[in-house]
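Colleague: Spelled out, the chains give:
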Amino acid sequence: MSIIEQSAQYGFHMQETRDHLTGQTLRTWRHKSGMMVKVLPRPGFSKRFAAMTVPYGSIHQSFTANGRRIDVPAGSAHFLEHCVFSRDDEGGLLGKLSALGASANAYTSHTHTMYFFSAVHNFEDALKLYLGAVLDPYLEQDRVEAERPVILAELSQYLDDPDNRCYMQLLENLYEGHPVKQDIGGTLDSVVDINSDHLKSIHSAYYRPGSLSLTVAGDFDEEKILADLLEFLPERPGPEIIAIFPDEPENVIRTESQLKMDISAPSFLCGIKDPEILPHKTKSGLDLVGRQRAARLMFDTLLSPVSPVYETLYSEGLINESFGYHYACESSFAFLAIGGESPEPEKASDRLIELLMQAVTDGIDNKMFEIQKRAAAGDFVRSLDAVEHSGMVQAQCNLHKVDLFDYPLLYDKMDAAAADYMLSFLRNRENYSVSIVREQ
Amino acid sequence: MILKLFDRSDEKLPSKQRGVALGFFDGVHRGHSDLIRTLILNCSRLELEPAVFTFDEHPATVAHKRKRFGGYINTLNERLQLFEEIGISEVHHYHFDEEFCRLAPVDFLNDIIAKRLDARLLVVGADYRFGYKGEGNIDTLRKWCADHNVELTVVPDVDLHGQRISSTRIRQLIEQGDMPMTSSCLGRHFSLRGQVVRGRRLGRELGFPTANFTVAEGQIKPSYGVYVTRTRVGQRTWWSITSFGLRPTVSEGDIIPMVETYIYDTKMNLYGQEIEVFFLEKLRDEIKFESLLQLSTKIQDDLKQAYEWHQSSEDSYISNYVKDIPVWLLQSDRFAQGSLQLVFQQRLDKKNASLFELLLQVLTSGCRRFPGRVELSTELDRLYGSSIDSNIHNYGDIQNLFLTVDGLVNWTDSSQPFAEAARLLFDILFDPQLDEEGNFIEAIFESERQNMITELKARENDRARYAYDRSIDLLCGDQPHGIRSGGSIEELNALSLSDLKNAYSKLLNELPVMVCIGGRIDSYLLEDIYENLNRFPSARNQAKFGSMKPSALVVPENEISLDEHRKLEQARVNLILTGLPPYFSHRSIVSSMLNSMLGGDVHSLLFDVVREKMGLAYSVYSSASRYLAAIFIIAGIEPTKTEDAIEAMKKQVADLAAGNFDDRLMDTSRRMLSASIEASHDDLGHMVSAVVSAVVLGRNMSRSDALSLLDAVSRQDIMEMAGMLKLAVSYRLLPDRMKEDDEQ
Chain A
12 MSIIEQSAQY GFHMQETRDH LTGQTLRTWR HKSGMMVKVL PRPGFSKRFA AMTVPYGSIH
72 QSFTANGRRI DVPAGSAHFL EHCVFSRDDE GGLLGKLSAL GASANAYTSH THTMYFFSAV
132 HNFEDALKLY LGAVLDPYLE QDRVEAERPV ILAELSQYLD DPDNRCYMQL LENLYEGHPV
192 KQDIGGTLDS VVDINSDHLK SIHSAYYRPG SLSLTVAGDF DEEKILADLL EFLPERPGPE
252 IIAIFPDEPE NVIRTESQLK MDISAPSFLC GIKDPEILPH KTKSGLDLVG RQRAARLMFD
312 TLLSPVSPVY ETLYSEGLIN ESFGYHYACE SSFAFLAIGG ESPEPEKASD RLIELLMQAV
372 TDGIDNKMFE IQKRAAAGDF VRSLDAVEHS GMVQAQCNLH KVDLFDYPLL YDKMDAAAAD
432 YMLSFLRNRE NYSVSIVREQ
Chain B
16 MILKLFDRSD EKLPSKQRGV ALGFFDGVHR GHSDLIRTLI LNCSRLELEP AVFTFDEHPA
76 TVAHKRKRFG GYINTLNERL QLFEEIGISE VHHYHFDEEF CRLAPVDFLN DIIAKRLDAR
136 LLVVGADYRF GYKGEGNIDT LRKWCADHNV ELTVVPDVDL HGQRISSTRI RQLIEQGDMP
196 MTSSCLGRHF SLRGQVVRGR RLGRELGFPT ANFTVAEGQI KPSYGVYVTR TRVGQRTWWS
256 ITSFGLRPTV SEGDIIPMVE TYIYDTKMNL YGQEIEVFFL EKLRDEIKFE SLLQLSTKIQ
316 DDLKQAYEWH QSSEDSYISN YVKDIPVWLL QSDRFAQGSL QLVFQQRLDK KNASLFELLL
376 QVLTSGCRRF PGRVELSTEL DRLYGSSIDS NIHNYGDIQN LFLTVDGLVN WTDSSQPFAE
436 AARLLFDILF DPQLDEEGNF IEAIFESERQ NMITELKARE NDRARYAYDR SIDLLCGDQP
496 HGIRSGGSIE ELNALSLSDL KNAYSKLLNE LPVMVCIGGR IDSYLLEDIY ENLNRFPSAR
556 NQAKFGSMKP SALVVPENEI SLDEHRKLEQ ARVNLILTGL PPYFSHRSIV SSMLNSMLGG
616 DVHSLLFDVV REKMGLAYSV YSSASRYLAA IFIIAGIEPT KTEDAIEAMK KQVADLAAGN
676 FDDRLMDTSR RMLSASIEAS HDDLGHMVSA VVSAVVLGRN MSRSDALSLL DAVSRQDIME
736 MAGMLKLAVS YRLLPDRMKE DDEQ
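Read top to bottom, the protein sequences are chains A and B. Counting in our numbering, the final residue of the first sequence is number 451, and the numbers go up one at a time with none missing. Counting in our numbering, the final residue of the second sequence is number 759, and the numbers go up one at a time with none missing.
Isolated chain A (complex conformation) (with noise of 0.2 Å):
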């Protein structure tokens, strides 16, 4: 009986994608419960992956579930994945996967949670511990009282970084009442008042194996996964989720911030909110995608070191190396923030501005255009080189229920015409604002 046969018997159902590009497959399973898993067959590779993405991060504090409201402290979902990792006296869940020769981690970004691990061996082994603490964790208030001072460790640490003290701030200059505009971990405030309570109306809601997918890559039995799956996996799908968010305005709601620290060397940071993507006017799927792939070509075409932008900046030595941007676009926000060292840092955000908006007037240049969608499609495939790197990329697109493989696609579509018409919202001056952190 072949795989497919045999799976079906299981309850999955089986899609197959190959790339035109490299030849490498990607096969779908989805089962009956909902639940997707993606595999890459990496032959030859020692190291296997596998990720588990939760479509469940720190921006939602608001949801409905059962059609009941439920209103969580800002952090929980970064609390959560602290209290997956249980503790024990033999090391708790990163103990006993590393005692298999698992390296696990976890991540908690604004729209998801990730919890992903590699091994050489016992990769079966530690795939199935690791899915059952995720379904399965102990979330009562002994737990979380102790997770708790760890965790305000970890924000007290980032009140250290200069970096991440300016991003926080320009994104409460861009943001009104998103959570976005919120620390990931939360505030010392509202960690505090994190119970266990919260955690598991947030597990019953998103952790259920409708709403997590799997990623695996590497070389291993297929099918043994499967079937290790099923004890985790109920016959019909959850409930659906809604999350809510609250009304927020197009425009930004400050200009321009400063905060002064102990360092050495100033620093900043020029956000720009794109008010095509607010909690009203949300984006999915390969629309989503579409536009954070075109997105990344638009600013590598303005922004990169081969833009003019960056070479007028770099040679008047207001920028280093550590200049970059970020387009954080997700299904209810979306900003530019670019940046980074400079010795003059109000000089330097003027000066940037002022270059980004003439370079917007001026259009997109097509030939840069059509450069930066080989280069995008060169990185496509040299990303697939590395097994880790192409599952976490897999793992993040299951999120928009698109595949690692519909890049190249989307990128030979794109045209600058269509690029330039989504740069609208870099030629409003009062979508933009700067943060700035200085020497005291």
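All the given hints hold, so there is nothing to weed out.
Covered, in the sense of this in silico footprint (three residues per stretch, anywhere, with C-beta under 8 Å from a C-beta of chain B), are these stretches of chain A:
1. 267-275
2. 331-339
3. 350-356
4. 395-407
These are computed hints drawn from the structure, not numbers from a lab. The beta carbon of each residue, even a glycine, is placed where N, CA and C say it ideally should be.
Take the given structure of chain A and dock chain B to it, following the hints.
Modeller: Chain B in isolation, oriented as in the chain A frame:
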């Protein structure tokens, strides 16, 4: 470096105090290499001239004639060359004759070691015996050294795959034809050299001409059979297949075995030339066939099998020397991209730290063909996102300057982005942006300098980085080992355009350099790389890459403690514990294991006890610094708990030394390290870097060798090494408010 040779007939030696390694060193295997490197390192500490004392003939051939001696693994010349490659510049080689054989141990020490060589340091292996009938041993040496104020270092043996590495074991392995294990023990492939002679031209008639030679008299002979080999002809090394034996099918009655090598993918007339054949794996024993047709058919099979072996092997080797620059090749079909690293080396000092980093920044900002960052970056993006980077890694007091290029080997439009990007790298190096007078352009120089200054200032923004830098300062003092990447703002400000020009000239003309290229590399691409390397000046005056050795760090005799105060929320604590084995030692694997158990991972004592159980720190971990031979414990701690945390950290080290740890901790560390060794071939960039590291370390290690060393680490090893650790630096970065509280 020129090797100076002395024998018994040299009446007067240069007057200098020496450190001397004693032994025959046949094969110059891994254990010998550890021993000789220990000599060099200790000599750098004691300011002595490192020298090897050895014999031309193996004592067994004179003193124990009845004992079977299989033959020399190396000829004397090869042995001397290997000493030189390790970094020895003075060898004293004596005839081991009947007269010497009768020399009493103490006479040997008094007359030769003390009087003639003026030795202040002796370095020997654990089983070293000397003098008449081998009566002198380690105990004899210890006593004599103590009486004569001579330092003695006994270097432990290296065990691999369950047995001690020794020349005797290696001879047996060669005679058995076990080439993979021979390579493991030697740390390189076994080879035979010879001058090609005219054979019967039978191979040519059968369609596969071979280069033939006989083995030097007295040299070890591999078991008869057919081997996968590589063959060096002049500067280049080729894939080959070799038959070694008596050729019973065609030369019945021959008693002199012959090396017969067929070289793939090239046609050369090799008669009269010296070639070197590296034995990689034995395919089969020598067989007497019934007919030439049978022989020919079997050879066709052998040729195919050996070729497939070569194609699938990811074993790195020097494929060519271009202007004496070694080009390492790492073939792998598993990756879409190719990777090339060009590495220069020099001794680190404060000025060089700033000057050469600035030089690399200026060079990578453009070239004559693509002047400016925009043009250069655009071209790299056009090459499907290829990348060219420069960076500097300091290994102790050695500065390694890396220029790297990565890119896709092929694209669907038949272009070869990696090859083009590699060409671009050579343009950056050989054809930079210069003004009409051949100077670097001042505006670029100034811009890059200012950017580096901003970057150096920004290092202090990162509290963890700042604390790390400060603790390194305390450990290293004025020694170059502590110089940061990029140097200092003062040094940068003092640099001029002419400094840069001189540095560039030094880079091209003097600094030792090596190249490593990895991925799906075809012969056209390889030829292209060779051609580009020919752009280096012809009159390069470079030492061999890797011959420059990091010198020993002199650690403070007493613990240094320092508290500093800044405006911050979370305190930082850094402890530095010295006492790890030297960077090249095979016992480094014990350091890795010890570090993993102490704080290298989430199952470690520091994480589990100090963070999870005691709740004293949010972040706490340790890392082992190979070149500083030290373990760093690094932690972010709630300011009022630093003293408790430091006590707890020290206790974890003490517990390891006392054996107060359970086997699970050790098993888990072994498993985690084992996984990381096994997965080390999953990343091409990592594989290429590992080749460079191996050359710098002088220690080539396959994954199975590394796993074998790891498996052998015992509980006792961990306890002993933890017991050797000594707290050298204790540094705390505390919030200002605590200082104010103290003052009040």
